[in-house]
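Those sequence lines, one after another, are chains U and D. Our numbering puts the first residue of the first sequence at 1, with every later residue one more than the last. Our numbering puts the first residue of the second sequence at 1, with every later residue one more than the last.
Certain hints may be false.
Quick partial rundown of chain U residues pointing at chain D, CB under 8 Å, derived from the structure [unchecked claim]:
1. Ala16
2. Val18
3. Phe33
4. Ala39
5. Phe45
6. Tyr48
7. Gly69
8. Ala84
9. Gly102
Restraint-style ranges between C-beta atoms, simulated for each label pair [said to hold, decoys possible]:
10. U/Gln79 to D/Gln22: 32 to 40 Å
11. U/Lys81 to D/Asn30: 27 to 35 Å
12. U/Ser65 to D/Glu79: 43 to 51 Å
13. U/Thr44 to D/Gly51: 22 to 30 Å
14. U/Asn21 to D/Glu79: 37 to 45 Å
15. U/Gly40 to D/Asp26: 38 to 46 Å
16. D/Leu111 to U/Thr8: 19 to 27 Å
17. D/Pro83 to U/Ala39: 19 to 27 Å
18. D/Asn65 to U/Asp52: 35 to 43 Å
19. U/Ser65 to D/Ile54: 29 to 37 Å
20. U/Leu54 to D/Met27: 27 to 35 Å
21. U/Arg66 to D/Gln22: 34 to 42 Å
22. U/Gly28 to D/Ser67: 23 to 31 Å
23. D/Pro39 to U/Phe45: 17 to 25 Å
I should point out that these hints are in silico values taken from the structure, not numbers from a laboratory. Source: prediction; values computed, not measured. Think of the CB as a built atom: it goes at the ideal place given N, C-alpha and C, for glycine as much as any other residue.
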Amino acid sequence: GQNIDQPTEMTATEGAIVQINCTYQTSGFNGLFWYQQHAGEAPTFLSYNVLDGLEEKGRFSSFLSRSKGYSYLLLKELQMKDSASYLCAVRDQQAGTALIFGKGTTLSVSS
Amino acid sequence: NAGVTQTPKFRILKIGQSMTLQCTQDMNHNYMYWYRQDPGMGLKLIYYSVGAGITDKGEVPNGYNVSRSTTEDFPLRLELAAPSQTSVYFCASSHTAGGETQYFGPGTRLLVL
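Let the sequences and hints guide you as you build the complete structure.
This is the structure:
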């Protein structure tokens, strides 16, 4: 089966750096996605990892270790607008083309 | 280019009523998906389609039906609404099944009383 774990809530202050961890168990790993979802809105794509290592995209970076079943999303120079839920999702070959989502991590950024 | 559109945005249903949630994409994507999101939970896959005329069940298909007669449209049908179907429903699409992201519609908020 599939299982994805991430912390429920995190808090941080403006300008800080925060790391959101995600661990997963799948039988046919085929890529990991991070999405951002503001309250009452649809998820929007942040990053994609299929090979081990770090992917950097502006203030956001995502890391993957397939052997450990582990990923993290790193947010730098936090801004108030970064307050949102961050969803870790895994594509499992046995689940077809769809994504298996974690419950999400709600990040609150304060001034 | 509107992307993925969903209608209605919000609906209240009585137990036992039926309704169809509409989803349309104008990106010529082959793959389309329906997810539901309950409060504090991640998205769970209801049904998906890999092309016109082809659909398959996801993790939570009971109580729902879908059809895919065209590339653009992927409606979700609730036949006998139950309170457990109170949720936010998101439609998504992608061009391929690989690394390309899925694009999400704005969601339909459904309340079953």
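Results of checking the hints against the structure:
1. Ala16: violated, 25 Å
2. Val18: Because about 20 Å separates U/Val18 from the closest Cβ in chain D, which is outside the 8 Å limit, the hint is violated.
3. Phe33: Hint holds; U/Phe33 Cβ to chain D Cβ min 7 Å, cut 8 Å.
4. Ala39: The hint is violated - U/Ala39 has no Cβ within 8 Å of chain D, the shortest such distance being about 11 Å.
5. Phe45: holds, 4 Å
6. Tyr48: Constraint on U/Tyr48 satisfied, holds at 5 Å.
7. Gly69: violated, 17 Å
8. Ala84: Result: violated, 14 Å to nearest chain D Cβ.
9. Gly102: holds, 5 Å
10. U/Gln79 to D/Gln22: 32 to 40 Å: The hint (32 to 40 Å, Cβ to Cβ) holds, given that U/Gln79 and D/Gln22 are roughly 35 Å apart.
11. U/Lys81 to D/Asn30: 27 to 35 Å: holds, 34 Å
12. U/Ser65 to D/Glu79: 43 to 51 Å: 44 Å Cβ-Cβ, so the 43 to 51 Å window holds.
13. U/Thr44 to D/Gly51: 22 to 30 Å: holds, 25 Å
14. U/Asn21 to D/Glu79: 37 to 45 Å: With Cβ atoms ~41 Å apart, the hint holds.
15. U/Gly40 to D/Asp26: 38 to 46 Å: violated, 24 Å
16. D/Leu111 to U/Thr8: 19 to 27 Å: holds, 25 Å
17. D/Pro83 to U/Ala39: 19 to 27 Å: Given a distance of about 23 Å, which is inside 19 to 27 Å, the answer is holds.
18. D/Asn65 to U/Asp52: 35 to 43 Å: holds, 41 Å
19. U/Ser65 to D/Ile54: 29 to 37 Å: holds, 35 Å
20. U/Leu54 to D/Met27: 27 to 35 Å: For D/Met27 against U/Leu54, whose Cβ atoms are near 30 Å apart, the range 27 to 35 Å holds.
21. U/Arg66 to D/Gln22: 34 to 42 Å: holds, 39 Å
22. U/Gly28 to D/Ser67: 23 to 31 Å: Check passed, 28 Å falls within 23 to 31 Å.
23. D/Pro39 to U/Phe45: 17 to 25 Å: holds, 23 Å
Hints 1, 2, 4, 7, 8 and 15 from the earlier list are contradicted by this structure; the remaining hints agree with it.
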